[in-house]
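Can you build the whole structure from these sequences, using the hints too?
Letter by letter, the chains look like this.
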Amino acid sequence: RETVCIFGTGDFGRALGQKMIQSGYPIVFGSRSPQTSNLIPKEAEVLSHTEAAQKAAIIIIAIQRQHYDFLTPLAEILRGKVLVDVSNNLKINQYPESNAEYLAQLVPGAKVVKAFNTVSAWALQSGTLDASRQVFVCGDDMEAKQMVMDIVRALGLTPLDQGSLLAAQEIENYPLQLFPMWKFPIFLSLGLTAFFFFYCLIRDVIYSYVYENKDYSFFIAISIPNRICPVVALILLALVYLPGVLAAIIQLYRGTKYSRFPDWLDKWMLCRKQLGLVALAFAFLHVFYTLIIPIRYYVRWRTEDGIISKALNNKTDPFNNTNGWLSDSYLALGILGFFFFVLLGITSLPSVSNSVNWREFRFVQSKLGYLTLILCTAHTLVYGGNRFLSPSSYRWYLPNAYMLSLIIPFIVLILKFVLIFPCLDRQLTQIRQGWE
Amino acid sequence: RETVCIFGTGDFGRALGQKMIQSGYPIVFGSRSPQTSNLIPKEAEVLSHTEAAQKAAIIIIAIQRQHYDFLTPLAEILRGKVLVDVSNNLKINQYPESNAEYLAQLVPGAKVVKAFNTVSAWALQSGTLDASRQVFVCGDDMEAKQMVMDIVRALGLTPLDQGSLLAAQEIENYPLQLFPMWKFPIFLSLGLTAFFFFYCLIRDVIYSYVYENKDYSFFIAISIPNRICPVVALILLALVYLPGVLAAIIQLYRGTKYSRFPDWLDKWMLCRKQLGLVALAFAFLHVFYTLIIPIRYYVRWRTEDGIISKALNNKTDPFNNTNGWLSDSYLALGILGFFFFVLLGITSLPSVSNSVNWREFRFVQSKLGYLTLILCTAHTLVYGGNRFLSPSSYRWYLPNAYMLSLIIPFIVLILKFVLIFPCLDRQLTQIRQGWE
Amino acid sequence: RETVCIFGTGDFGRALGQKMIQSGYPIVFGSRSPQTSNLIPKEAEVLSHTEAAQKAAIIIIAIQRQHYDFLTPLAEILRGKVLVDVSNNLKINQYPESNAEYLAQLVPGAKVVKAFNTVSAWALQSGTLDASRQVFVCGDDMEAKQMVMDIVRALGLTPLDQGSLLAAQEIENYPLQLFPMWKFPIFLSLGLTAFFFFYCLIRDVIYSYVYENKDYSFFIAISIPNRICPVVALILLALVYLPGVLAAIIQLYRGTKYSRFPDWLDKWMLCRKQLGLVALAFAFLHVFYTLIIPIRYYVRWRTEDGIISKALNNKTDPFNNTNGWLSDSYLALGILGFFFFVLLGITSLPSVSNSVNWREFRFVQSKLGYLTLILCTAHTLVYGGNRFLSPSSYRWYLPNAYMLSLIIPFIVLILKFVLIFPCLDRQLTQIRQGWE
Ligand SMILES: Cc1cc2nc3c(=O)[nH]c(=O)nc-3n(C[C@H](O)[C@H](O)[C@H](O)COP(=O)(O)OP(=O)(O)OC[C@H]3O[C@@H](n4cnc5c(N)ncnc54)[C@H](O)[C@@H]3O)c2cc1C
Ligand SMILES: Cc1cc2nc3c(=O)[nH]c(=O)nc-3n(C[C@H](O)[C@H](O)[C@H](O)COP(=O)(O)OP(=O)(O)OC[C@H]3O[C@@H](n4cnc5c(N)ncnc54)[C@H](O)[C@@H]3O)c2cc1C
Ligand SMILES: Cc1cc2nc3c(=O)[nH]c(=O)nc-3n(C[C@H](O)[C@H](O)[C@H](O)COP(=O)(O)OP(=O)(O)OC[C@H]3O[C@@H](n4cnc5c(N)ncnc54)[C@H](O)[C@@H]3O)c2cc1C
Ligand SMILES: NC(=O)c1ccc[n+]([C@@H]2O[C@H](COP(=O)([O-])OP(=O)(O)OC[C@H]3O[C@@H](n4cnc5c(N)ncnc54)[C@H](OP(=O)(O)O)[C@@H]3O)[C@@H](O)[C@H]2O)c1
Ligand SMILES: NC(=O)c1ccc[n+]([C@@H]2O[C@H](COP(=O)([O-])OP(=O)(O)OC[C@H]3O[C@@H](n4cnc5c(N)ncnc54)[C@H](OP(=O)(O)O)[C@@H]3O)[C@@H](O)[C@H]2O)c1
Ligand SMILES: NC(=O)c1ccc[n+]([C@@H]2O[C@H](COP(=O)([O-])OP(=O)(O)OC[C@H]3O[C@@H](n4cnc5c(N)ncnc54)[C@H](OP(=O)(O)O)[C@@H]3O)[C@@H](O)[C@H]2O)c1
Ligand SMILES: CCCCCCCCCCCCCCCC(=O)OC[C@H](COP(=O)(O)O)OC(=O)CCCCCCCCCCCCCCC
Ligand SMILES: CCCCCCCCCCCCCCCC(=O)OC[C@H](COP(=O)(O)O)OC(=O)CCCCCCCCCCCCCCC
Ligand SMILES: CCCCCCCCCCCCCCCC(=O)OC[C@H](COP(=O)(O)O)OC(=O)CCCCCCCCCCCCCCC
Ligand code: HEM
Ligand code: HEM
Ligand code: HEM
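Residue numbers (the numbering used here), protein chains in the order written: chain A, 1 to 436; chain B, 1 to 436; chain C, 1 to 436.
For the record, the hints were derived by calculation from the structure and aren't laboratory data.
Keep in mind it's a predicted model, so treat the numbers as computed, not measured.
Since the list can't tell identical chains apart, any single copy or any two copies may satisfy a pair.
List of simulated lysine-lysine pairs, DSSO-like, C-alpha gap at most 30 Å:
no.	residue 1	residue 2
1	19	257
2	183	91
3	310	214
4	42	267
5	267	91
6	273	257
7	91	273
8	42	19
9	19	367
10	183	416
11	416	273
12	91	416
13	367	416
14	267	257
15	214	315
16	367	273
17	257	91
18	267	19
Structure, rendered in structure tokens:
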């Protein structure tokens, strides 16, 4: 294999050098102070920048952007060489031009390729490449890019060609991003959480305090979260399936699939996965909050108190069959809903979704997804049961939280129900025809 | 990069074009109506079919099969070109010959390659390639196939060479399949579910109704499912390990590993993963049905009723140490069994199984798998405990469901126990020697 | 494609041959007894070793090492050919030199490449490549290695170049390893488990037996495991975050990042992932042991007994608001802690961690990791609550197990708290600067 030169004996330079040596590349370092320290892999030579550059056709610049100016005097030596820019910034769009483009301006005769910036020195060194193994590569010179991509592949990483050097800006921003697709779903869910928190606080704690002078402030720990979580989960789940229905209506109305959806709908449709997973997280919390109900001191005390007072009053309730049915049904519906919910989550795992075909993926996500929505809605409905119309459910004219949570699921399910009517369905299929 | 031509400006053509432009390919569309609409990526040219075809060596035919006949007049221009067939059908084996072969017949001078049919237009366009990134490629011309595979790789997808154009039929059927490996395990489990449903219905609901005139119909919601699920889970789990034991017996009997297993055994062994995962799903349901037991109205009522009547009768039961042991043991065994069950499930995730070596995978799947089976069987046994021989367990001569569920696990465990006897084990190892 | 020759018609030879034929390679087998049996793929020719070798440039030696000597007479014919060694051993470092090096010595004129030894014949044959798809390749001849890597790729597997033939020893050891990174975490956790088992046995069973003459031996099934598991989980979780803190202190003290950490610290930091996952497993057990508390016979009996005796004594406890708060808070903290714990586990899945960038991965693992630690510590603290100082918590001067478990978490959290003080944090950032 051809010798590769690395400028800079810092963390990244050393880590990359070590790894490349393991893969059989002869390495020569270019450094301001060319003494071999004991940290530098001993198979590598350390030379001055000029000497090192002359030994190789590819030079990896493992130095921060702000020091790049030391390269200008070397421009003549670097002419025709492949310069690999690996640098990152501290902020998104920190400089007007990307580091790679800046490097290309500084050394006009060289072929600049952007690569490796998403890989961490620590990960390279310790071999625990836990975060992404994808290496985005871009550059204007096709051949230079190929040479770099071959190195990437030899290191056991996956190169992804992103096109011309213009893409460097985006590649440099990538490692600074923090879950961009998750922002909207998370903020939405936090907003809903805050709203329902105050809603339930008023209904369950303040109301009792005002009218019954009872201090239920400890409801804040479990009882109220266990209202908020399922309610938010159900709403988010419905919001996952609402855009699909809206899209169908728009297509029916326009009579064609060959026109763009409104922007907000496009964005919404692209974050359905994240919305769904956040919903799953809330459902998970709901389930565990529910399962520990019998362990709570308050619940145990209330049970005990109820039994003792009944025993003392010599009173026993007869078994109510309807209640038996209702209680068991809503629990069973919840469990089944949660089961399919988790199944949706499992098929969202990249490695699972990657090993099913498109039809299977859509079968799970669309068919089982609606089944999940139906089960969860039914669970809430049956839980509400006969309490719906009872006036005691309204405190200060505020209905129960779960009644509010049912609105969007109902809208989605009714619209979907209308859309699967043969006449509409046929028309829709016709419009979408061509879609395999 | 070389210009690529795409025939058809429909959903798929546009989506693929867009993606290829991003990866640096110049694109030219061939269309019946060559006006650039605002949906077509503006970097692409739109020409008539003839003009477009002349500009490129590779032509992607993004048009449904039924319209392919428009290509016959173009045969001369397409001579020597690489034609990429991306089409899908609506039904498995819809036509006698595959679309790609049909295309090859229509344009005899061209080199036809099948590719991209498993990728969805929507996924390409929105960038959410959730379902498979694998692109199956086949074709009779080696070089043409290589050219297409390079494009596939450049788009960040994984090409998989499936051989000659004969494989096109299978590739076209692939996206129409719906979990083929899961069919047998799912039908089997549904069959078992139905059987045990009626079995328990008779034993638990109808029997009580007939003899005690009590209406336990609400048992259908939770109590009966919580009998069916664990029983089916245990049976399926045992069925996962039965074929391995049978295979060993066959090999011992034949004295060689160099002969095929009977067909049914081969098939059975290939769907053990799916059987195991379905078993896990049933176990999951059993666990959650069990965990909500104390929340059920019926259970709370029964507890309350029991306590009150005892209090009124001034009667207290002394603590029974054996019962304490039995109850705690079967629960602990169940939890441990479930734990290893989930562990088996986690190592089945493609990305996890992909990062362990074969010995580790088999250690988990085979050793821990048997441990799971032992724990789950012991859990059921201890749960049954002293009820086994009590006549009250037999209603209408029907034993408890869990007794039936123990039969296959026992067979498997006993056979396995015999097989690990040194004499047999040594012989078996000898036969299988060579197996790394 | 070029013809490939396979020596040996055993399990592995046949399976590989079959797979290669499917991928379009003409195959010729070299065998001691060249009759085509019905097990050998019928598209393949079976010849004598000499004849077969002459037909191909690549020869795969699918024969055990101990039979390699039959190759010496063939040395002349094998001159210049690529010999692929696929063999495995039964023990780590079984022979002084690796099988591939031994082969190279036997047939000096050939170019030996090590490959395929991690793939199982059964997996190749049945198509269920569940364990690793990575094929490690090494060899001294670059071109020969490339040829083999092309075959690997054509079979849908991932070749990983490991360098020169010296690496063969390591490659041959790889499939014999059994979770090397997991050894330390698992032994540590088993050690802790044993310690706390006896600790709790003394405190909870023997103490009661000695002083109250009560037989609580059945606590061994659930009560004691449900003390051990959370305690071990918490300690392991804290041990995950301790090395990071120590590393920071060392760097602060040394004033530079350019010097190696002590060896034990390096090793510790590399098994944090495994430590964390083992901790998750223990937490999982704790949660399920906790959730079945209300189902236990002992707990039901105790509740019942308590209620009846209160009812008989006509005594009711008033509701204690502080207890309500404490009980609900510690449960809520536990649930939240477990939630983030599972989240950490999910992001450890190779496919998930592979699709996030480094910043996102560290955000989850470091920020949410500390949040998990804080929540779990708080959960334990609040659970302990006012029992901390009560003398009844000390039996034979032994404090409660959870008090011991809090020591390391406290150390970690306090050190971390000190380290995020602006003055220290700034200094540390400066030292680590350059770290992207
Ligand atoms: C726990 C959980 C996990 C989830 N994980 C994922 C995930 O991993 N990935 C994911 O994508 N979603 C995920 N989701 C979201 C959701 O399940 C899917 O988006 C699901 O496919 C939506 O189904 P649908 O039937 O509403 O929409 P679709 O069937 O997609 O239809 C919606 C509309 O989009 C339009 N449309 C879609 N495709 C095309 C096309 N090719 N051509 C023209 N129009 C088209 C149609 O107009 C259609 O009406 C998840 C949800 C949950 C709850
Ligand atoms: C939750 C769960 C998940 C599971 N996930 C998976 C999964 O992801 N992948 C999977 O494969 N299974 C999976 N299984 C099924 C099961 O765990 C495995 O198939 C397991 O390896 C079976 O172990 P065994 O010891 O019975 O069989 P094996 O050890 O495979 O032996 C069975 C018989 O097959 C024959 N045999 C096997 N290999 C060879 C060989 N190379 N040469 C000759 N004969 C051979 C032998 O005759 C042997 O007696 C799962 C099971 C469960 C419960
Ligand atoms: C359930 C669970 C799952 C886990 N899964 C994983 C996993 O999949 N992968 C994984 O790695 N860990 C995993 N962990 C372990 C743990 O979460 C991580 O290691 C985490 O990043 C540690 O964070 P930290 O802030 O303590 O350490 P770090 O932020 O890594 O810092 C520790 C010290 O290391 C040094 N350091 C780190 N990087 C550099 C660098 N580039 N240059 C110089 N010095 C550096 C610094 O001196 C720093 O003080 C898991 C833990 C749990 C509980
Ligand atoms: N560390 C990572 O995880 C990581 C990940 C991806 C990308 N990167 C990028 O890699 C580059 C290097 O990062 P690093 O972490 O290795 O940084 P570092 O440890 O600080 O090393 C930087 C090296 O650059 C050289 N250098 C410093 N000042 C210089 C100057 N004025 N003129 C010439 N050379 C100078 C020094 O090498 P000599 O003393 O030998 O001259 C120094 O060791 C950065 O652009 C960074 O964004 C780093
Ligand atoms: N959509 C997917 O998700 C997907 C996935 C995999 C494979 N495919 C395959 O890709 C192909 C195209 O699918 P699509 O979804 O893009 O379909 P589409 O949206 O209906 O587009 C088909 C295109 O074919 C052209 N066309 C239609 N009738 C024609 C005729 N009589 N003669 C010549 N050209 C004609 C039209 O382009 P002009 O108007 O420009 O001529 C039209 O836009 C199909 O074979 C499909 O199976 C699609
Ligand atoms: N099986 C696996 O899962 C697996 C996985 C990775 C690597 N490997 C490696 O592949 C190699 C073969 O394994 P295997 O499982 O195929 O073994 P196998 O089934 O026992 O077959 C070995 C073959 O070697 C030939 N052979 C045996 N003795 C010989 C001798 N004295 N002289 C010449 N040839 C002889 C025989 O073929 P003929 O009768 O045709 O001469 C025999 O079929 C081993 O090195 C093994 O480590 C196997
Ligand atoms: C989290 C604890 C509760 C368990 C269930 C909630 C999980 C939902 C939250 C998932 C968050 C994943 C963060 C991914 C980070 C990321 O950006 O990840 C990005 C990746 C890849 O995204 P792209 O493919 O879009 O680039 O997304 C994912 O991989 C999603 C992973 C989904 C995981 C769902 C797993 C559910 C498994 C079920 C477990 C337990 C059930 C419990 C039963 C009792
Ligand atoms: C499902 C909810 C309950 C959770 C446990 C049951 C899961 C079992 C069912 C898995 C179904 C996966 C569908 C895969 C579709 C497919 O064909 O997928 C195909 C793929 C790949 O198959 P091939 O590699 O054979 O092609 O198979 C898989 O990926 C299997 C995934 C296994 C996932 C198991 C995950 C278990 C994790 C444990 C989570 C929760 C535990 C809860 C604790 C309280
Ligand atoms: C196990 C049952 C309990 C569930 C939680 C505990 C799981 C922790 C143990 C994981 C063991 C994984 C063995 C991996 C073998 C291996 O070496 O695997 C090696 C791989 C890859 O390692 P490298 O990348 O380091 O090579 O490691 C992994 O893949 C780790 C997988 C982590 C899986 C965590 C999944 C948690 C999902 C949450 C599920 C359930 C929550 C339940 C909610 C109620
Ligand atoms: C294992 C699965 C489940 C169980 C055991 C379960 C159980 C319960 C219980 C016991 C309640 C009543 C809570 C109370 O009394 O305050 C409840 C309410 C509710 N559940 Fe579930 N549930 C499950 C899953 C789900 C899922 C997946 C959803 C949907 C997202 C959901 C949505 C709701 C809603 C909206 C309420 C009403 C909340 C309120 O206002 O009190 N549940 N569930
Ligand atoms: C967390 C783990 C588990 C717990 C807490 C648990 C608990 C229980 C309980 C309480 C019962 C009695 C149910 C009743 O009274 O009707 C039971 C029964 C049973 N369990 Fe489990 N279990 C667990 C896991 C498993 C697993 C993994 C299996 C195996 C597949 C299993 C198989 C069975 C069987 C076969 C029965 C008898 C069913 C019947 O006929 O009633 N359990 N379990
Ligand atoms: C769903 C989540 C959780 C719930 C419901 C929960 C519940 C409980 C309960 C009820 C106890 C008292 C046990 C007893 O009375 O013996 C307890 C103790 C404890 N928990 Fe958790 N817990 C959860 C998660 C966690 C997690 C994630 C950790 C941390 C690793 C943890 C650490 C502890 C510790 C150290 C104790 C004290 C054990 C002892 O000495 O008794 N818990 N938890």
